[in-house]
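Given chain A, work out where chain B should sit, using these hints.
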Amino acid sequence: MGGSKSINLFLAKIFGLSFFWLISENWLSHVVVFYHHFWIYIYHILLVILLKLSVFVFSFTDYSILHGYDTLSIVGSSGVRIGNPCVGFGLLFGFFALIVSYPAPWKKKLWFIPLGCFLIIVINVIRIVSLTISQYKNGEFMKLEQHDFYNYIAYVLIFILWVVWVKFVVPESDVFAPEKTSDSNSKLA
Amino acid sequence: MKMQKSLLLTIAVFFVSGVISTIFASVPPPPVPVIIPIDGGVSFLVVACAGYGAKKIHDYRKGKEKK
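Residue numbers (our numbering), protein chains in the order written: chain A, 1 to 189; chain B, 1001 to 1067.
Just so you know, these hints were derived from the structure itself, not from any lab.
Certain hints may be false.
[Unchecked claim] Listed next, with one range per pair, are the computed distances between beta-carbon atoms:
1. B:Lys-1062 with A:Val-156: 26 to 36 Å
2. A:Gly-83 with B:Val-1047: 19 to 29 Å
3. B:Tyr-1052 with A:His-37: 28 to 38 Å
4. B:Val-1047 with A:Asp-62: 38 to 48 Å
5. B:Ala-1012 with A:Ser-64: 41 to 51 Å
6. B:Val-1019 with A:Val-156: 51 to 61 Å
7. A:Lys-137 with B:Gly-1051: 19 to 29 Å
8. A:Thr-61 with B:Ile-1011: 50 to 60 Å
9. A:Thr-61 with B:Lys-1062: 45 to 55 Å
10. B:Pro-1037 with A:Lys-137: 17 to 27 Å
11. B:Lys-1062 with A:Tyr-152: 27 to 37 Å
12. B:Val-1047 with A:Ile-153: 52 to 62 Å
13. B:Ile-1011 with A:Ser-64: 45 to 55 Å
Every value quoted in this text rests on a predicted model; they were computed, and no experiment measured them.
The beta-carbon is built from N, C-alpha and C at its ideal position, and this holds for glycine as well.
So that you can see chain B by itself, here it is in the shape it has in the complex:
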């Protein structure tokens, strides 16, 4: 009898704690808007463009010298 009581009590404790933890379980935070940067590769872009521009001026100069 005593054994049954303690078993019931144990089950009740587990059940109640399960219910409580479900009720008070933390709600997941709302999704945060994603940040979408574009300026990250500007330096590479400027370097590439500057290189191309410099090469073009160099080619023009070569062409001018040949003439």
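Next comes chain A alone, as it looks inside the complex:
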């Protein structure tokens, strides 16, 4: 497999997975009942994980907190609501799509995807806890600027994770490894 073919295949896989995401999120999960339940269940699991981890982090602080199914607040503030766009399902899927699409051995992908997903969830928990505290301290004034600021930090950290994957985890020899395998297979055949 040549270099340009590797690039094309990499981009095509990302495009395909992104397209699958868009279809699932905006159409399939609204039309197909089974798929709707499946999709909502993933959001539910992520929400529960995030909320439990956030509550766990707060247990090390002096703040008294209240939490509902999808809300978290420090007593005396309105708190934050973790809706579907807040659980980071899109981020996790985007990360998964990038790693799966990149030409690299599956052994490396199999440990890097869970590690990356775990780190993204940790980043999101830190974001939720920070926003809850800043919402308590600053009241209504926190809304957009701080919220966006934390999002940008999360994006930058995920980009750094990607750079680590591309630069350090998958060396040049690994990128063209499938090429060697397919060549040797074809020669054998």
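Relative to the frame of chain A, chain B by itself:
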């Protein structure tokens, strides 16, 4: 005398209406928890990462060709 009565009545009406409006003034709604989405910029992130990944593969290929 009549003038005084009407003045008193006017003041009383204003006073009572003020008291009533204060009593029945609508209580401001409780603050709603703020929604904190993070998925808004995913597409930009994926495009940026894909661009970087593609460039890296391209560089590797160039390096390989030089060798």
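Hint by hint, here is what the structure shows:
no. : hint                                  : verdict
1   : B:Lys-1062 with A:Val-156: 26 to 36 Å : holds (28 Å)
2   : A:Gly-83 with B:Val-1047: 19 to 29 Å  : holds (24 Å)
3   : B:Tyr-1052 with A:His-37: 28 to 38 Å  : holds (36 Å)
4   : B:Val-1047 with A:Asp-62: 38 to 48 Å  : holds (42 Å)
5   : B:Ala-1012 with A:Ser-64: 41 to 51 Å  : holds (49 Å)
6   : B:Val-1019 with A:Val-156: 51 to 61 Å : holds (58 Å)
7   : A:Lys-137 with B:Gly-1051: 19 to 29 Å : violated (38 Å)
8   : A:Thr-61 with B:Ile-1011: 50 to 60 Å  : holds (56 Å)
9   : A:Thr-61 with B:Lys-1062: 45 to 55 Å  : holds (51 Å)
10  : B:Pro-1037 with A:Lys-137: 17 to 27 Å : holds (21 Å)
11  : B:Lys-1062 with A:Tyr-152: 27 to 37 Å : holds (32 Å)
12  : B:Val-1047 with A:Ile-153: 52 to 62 Å : violated (19 Å)
13  : B:Ile-1011 with A:Ser-64: 45 to 55 Å  : holds (49 Å)
Violated hints, listed in ascending order, are 7 and 12; each of the other numbered hints is respected by the structure.
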